[in-house]
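Student: The chain contents come next:
Number of protein chains: 2
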Amino acid sequence: MFRKLIESVPNISEGRDREKIERIAAEVRAAGAILLDVDPDPDHNRTVISLVGPPERVEEALLRLTAKAVELIDLQEHKGEHPRMGAVDVIPLVPIKNTTMADCVELSRRLGAEIAERFKIPVYLYEESATKPERRDLAYIRKGEFEGFFEKIKQPGWEPDFGPREVHPTAGVVAVGARPPLIAYNVNLGTSDLEIAKRIAKAVRGSSGGLRYVKALGFALEERGIVQVSMNLTNYEKTPIFRVFELIKREAARYGVPVLGSEIVGLVPQRALNMVADFYLQLENFSEDQILENRIAQALEEQG
Amino acid sequence: MFRKLIESVPNISEGRDREKIERIAAEVRAAGAILLDVDPDPDHNRTVISLVGPPERVEEALLRLTAKAVELIDLQEHKGEHPRMGAVDVIPLVPIKNTTMADCVELSRRLGAEIAERFKIPVYLYEESATKPERRDLAYIRKGEFEGFFEKIKQPGWEPDFGPREVHPTAGVVAVGARPPLIAYNVNLGTSDLEIAKRIAKAVRGSSGGLRYVKALGFALEERGIVQVSMNLTNYEKTPIFRVFELIKREAARYGVPVLGSEIVGLVPQRALNMVADFYLQLENFSEDQILENRIAQALEEQG
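Same order as they appear, the protein sequences are chains A and V.
The first sequence maps to residues 3 to 306 in my numbering.
The second sequence maps to residues 3 to 306 in my numbering.
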């Protein structure tokens with residue numbers, strides 16, 4: 003139906019008022035984009051909205067969603083556990099189908115310029131769209147949160163990529179950026195020893211010398227009496243799921259601990275699973291064009 | 003776009019005359035079904051046509067294709083290596099999306115009755131549509147081929163499921179039946195000893211005591227100086243790819259032979275690969291609804 007698809011997962015700083023959340027999310031469909039999911043978190047007082055569509059509709063949807071969020075959310079009155087700096091806190095753009103990371107970077111710039119212009123909100127480009135290396139990291143940009151930003155924005159090196167060097171009084175600032183799809187992936191270990199999960203998490207995560215695109219923590223699953231390595235895989239093409247899984251199996255064996263299973267939380271791109279099948283079957287010359295459903299989709303497009 | 007999809011892979015007894023083949027295949031698109039592939043084999047003098055669409059369009063496409071094949075093909079003059087008994091030799095029906103095996107069995111009956119009525123061709127139901135256990139096997143039905151059928155059809159037990167008890171003088175007889183998707187799958191072994199490939203093929207194939215839905219033969223790949231276990235997997239849900247692969251790896255180890263890789267020839271259903279990923283990652287509670295592309299397709303349908 004749509005030849006080109008980009009996904010966006012805007013996070014808004016409202017996770018309690020159902021009516022406000024619905025009015026903001028409704029803008030996505032009004033713009034002709036596809037609303038995939040609306041996931042409010044009352045503790046964080048934050049909602050993660052997932053949408054997808056062709057670039058121009060995603061752009062329109064995000065502009066309308068931002069307009070409504072600026073109208074309905076006042077950060078002066080916002081409290082929640084999750085760090086935040088804007089009414090629309092962050093807008094990630096993810097290439098999904100017949101679109102590239104470069105397309106998403108381009109869209110992030112267009113969108114950032116437009117948000118700054120229309121709403122007088124300072125915009126910071128992050129991840130693949132970042133204009134300075136340190137701005138790739140969202141946590142770095144967000145440090146100090148909304149309240150701290152009024153002072154921070156005046157410091158050297160904190161000029162926004164677009165918009166005024168002045169925090170919007172109720173909507174704060176926003177980060178916009180292109181990034182690969184993120185996979186939430188956990189591996190469950192047959193032990194109750196939390197220390198082992200923590201050690202393995204440290205071994206596999208990029209920040210401490212492990213696999214580049216893995217963020218990992220060790221957790222206890224109290225009810226099951228076991229522990230878990232809980233991860234975000236931030237680039238499944240470069241650090242594929244199977245390599246993470248195999249490395250954890252090897253590390254667990256070092257402690258004589260079995261891997262009970264693993265789990266994918268939320269959504270996963272089909273290609274990430276196809277890479278797993280390709281690896282374990284040791285496939286020679288396999289192409290995703292050989293997948294029946296892909297062939298049908300291609301034929302549908304060709305035949306009109 | 004289409005909510006329900008059935009695939010069909012009719013085999014016609016013409017693999018050399020390009021113009022005739024094209025005229026026959028053109029009927030698929032004329033009926034509004036999707037033509038996936040046309041694969042003529044001059045040695046076999048036979049063409050495999052792959053098409054897909056909603057049940058009613060597949061039915062229409064197959065009736066139009068049969069009409070054109072009956073018009074253009076004369077089996078009295080047909081020669082080729084592959085056994086055959088009809089101008090349209092066999093019509094398999096495969097459930098693909100939001101359709102069941104029962105839907106395909108029902109379609110095979112409707113289609114069989116219609117072909118018998120319109121073209122005066124005897125129709126035999128096979129595989130899942132078979133009305134007698136021995137007729138599940140296409141090779142059993144086809145024994146003696148076109149030439150032998152004139153005598154055979156008069157024998158006890160050979161009444162067709164639909165149509166006259168008389169072979170059509172130029173179009174022969176046709177088999178129509180529902181079956182699961184078929185996967186052509188090969189495993190390559192790091193040895194030149196053909197005997198080992200043959201022994202492993204015998205170990206894994208259903209007919210000699212191995213896995214129920216595996217047909218397997220051992221072959222030499224002369225150019226690479228290695229051997230191959232070449233297979234058809236006739237029901238990937240009940241005999242999944244990963245189990246076949248693991249069993250072959252184990253059998254090969256018994257001879258001290260490494261598995262170099264495996265290959266999927268032609269098309270494979272996405273679900274067959276997802277089952278592989280699920281198995282090797284030991285996934286807990288995974289659902290195909292978690293696949294981003296599936297979620298998008300669902301949202302598109304819901305949103306219209």
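Read the hints as simulated data drawn from the structure, not as lab findings.
There's no promise every hint is true.
Since the list can't tell identical chains apart, any single copy or any two copies may satisfy a pair.
[Stated by the list, open to error] Derived lysine to any residue pairs resembling SDA-like cross-links, with alpha carbons at most 25 Å apart:
1) 99 x 150
2) 122 x 158
3) 204 x 286
4) 70 x 34
Student: Taking the earlier hints as the rules, which of them does this structure contradict?
Tutor: 1
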